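A.B. asks: The primary structure of each chain is shown beneath.
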Amino acid sequence: MKHSGADPDEDLVIRVGRGEPAAVRALVARKLPRLLALARRLLSDQVEAEDVAQEVFIRTWRQAPNWRPGEARFDTWMHRVALNLCYDRLRRRREEPTAEPPEQVDTGPAPDRGLAANETGRQVAAAMAALPARQREAITLCHYQELSNIEAAALMGVSIEALESLLARARRALRAALAETAAS
Amino acid sequence: MMNAERFGQLVEAYGARPERWPADERAAAEQWLAAAPDAAARLAEARALDEALDAWTLAPVSAVLREAVVATAPKPRLTRPVARYWWAGAGLIAACAMGMVVGANVADVGLTPATTTAEATGAMLTSSDSLSVFGQTLDLSKTS
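Those protein sequence lines, which keep their order, are chains A and B.
Per our numbering, the first sequence starts with residue 3, numbered consecutively.
Per our numbering, the second sequence starts with residue 165, numbered consecutively.
To be clear, the hints were calculated from the coordinates, so they are not data collected in a lab.
Warning: the hint list may mix true and false statements.
[Said to hold, decoys possible] Derived CB-CB ranges, DEER-like:
no.: 1; chain 1: B; residue 1: Ala212; chain 2: A; residue 2: Asp90; range: 31 to 37 Å
no.: 2; chain 1: B; residue 1: Ala223; chain 2: A; residue 2: Pro67; range: 30 to 36 Å
no.: 3; chain 1: B; residue 1: Ala204; chain 2: A; residue 2: Pro67; range: 49 to 55 Å
no.: 4; chain 1: B; residue 1: Ala223; chain 2: A; residue 2: Ala28; range: 31 to 37 Å
no.: 5; chain 1: B; residue 1: Pro201; chain 2: A; residue 2: Gly19; range: 17 to 23 Å
no.: 6; chain 1: A; residue 1: Ala8; chain 2: B; residue 2: Ala208; range: 50 to 56 Å
no.: 7; chain 1: A; residue 1: Gly19; chain 2: B; residue 2: Asp202; range: 52 to 58 Å
no.: 8; chain 1: A; residue 1: Ile16; chain 2: B; residue 2: Ser226; range: 25 to 31 Å
no.: 9; chain 1: B; residue 1: Glu169; chain 2: A; residue 2: Arg64; range: 31 to 37 Å
no.: 10; chain 1: A; residue 1: Pro67; chain 2: B; residue 2: Glu169; range: 24 to 30 Å
[Claimed, not checked] Sample of chain A residues lacking proximity to chain B, with all beta carbon distances greater than 12 Å (derived):
no.: 11; residue: Glu52
no.: 12; residue: Gln56
no.: 13; residue: Trp63
no.: 14; residue: Pro71
no.: 15; residue: Asp90
no.: 16; residue: Arg94
no.: 17; residue: Arg95
no.: 18; residue: Pro134
no.: 19; residue: His145
no.: 20; residue: Glu163
no.: 21; residue: Arg173
Since we're looking at a predicted model, the values are computed, not measured.
We put the CB at the ideal spot given by N, CA and C, even for glycine.
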């Protein structure tokens, strides 16, 4: 969850840079769920999230042969690309208010979970979608993507103090929204 | 220095799980938690929200999407397999050249270039009537 020291993806990225098909598959298996989840939670739209995820990997194939180990974690780089692509789409939504709104938030099928957990998930998804974008981003990076505070703050371009302020406000808003939903 | 105020800020921002607290403050915060009687109560509210957040799960990646992403990777270029087997082609050429030497008059000193080739493939002229190939002596007087 919290990384320190060597990049755990370094060897895999080097092999991807050499064009090894097995390494390509391994990197997709390792990173696609994570990046898709990031985009889903930020955009609340499955189709847009899949587009973002595919574009991240297209850029990854171009970057891998030039990757210099030791400069940064490759996972951080992929997150930065994904975030920038999400920012672009969110900005486009604000600039094109007449465009079709994103699909309803979908928590995904979970047949092995109880009905109560599914309903809570839907409520959380709706509450997250209602958050200001920066608060939603902070919660997504820290709670769901499990990035360290240092990594999340760097990706968002804010100080640790600013990140903690965003997280605290987001958590208060979520708690209030869930309590209101439970009461109604 | 950990105190009640800072502990509260950590829980408000990062939630109830120590593994999510900043690495450089985690140990101090855990010690504070163990020592402060009211700290556990602050965690309970944060824990409830953590669990609610965890309830928002997403569908797994579809095989269709996974294969579509894999397909965007550039196809590997075929260089190493050709380079690895270059010596096979050279060996074939040498073997053909050796065949030409065996069929020639071995007393002809003009065979020096072929001799060089024969040497390269393990053949050696031992006399005007015989040819040694990889240690086996051929009696050339019987071939004409």
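A.B. asks: Please flag the earlier hints that this structure goes against, numbers listed from lowest up.
C.D. replies: 4, 5, 6, 9, 10, 11, 12, 13, 19, 20 and 21
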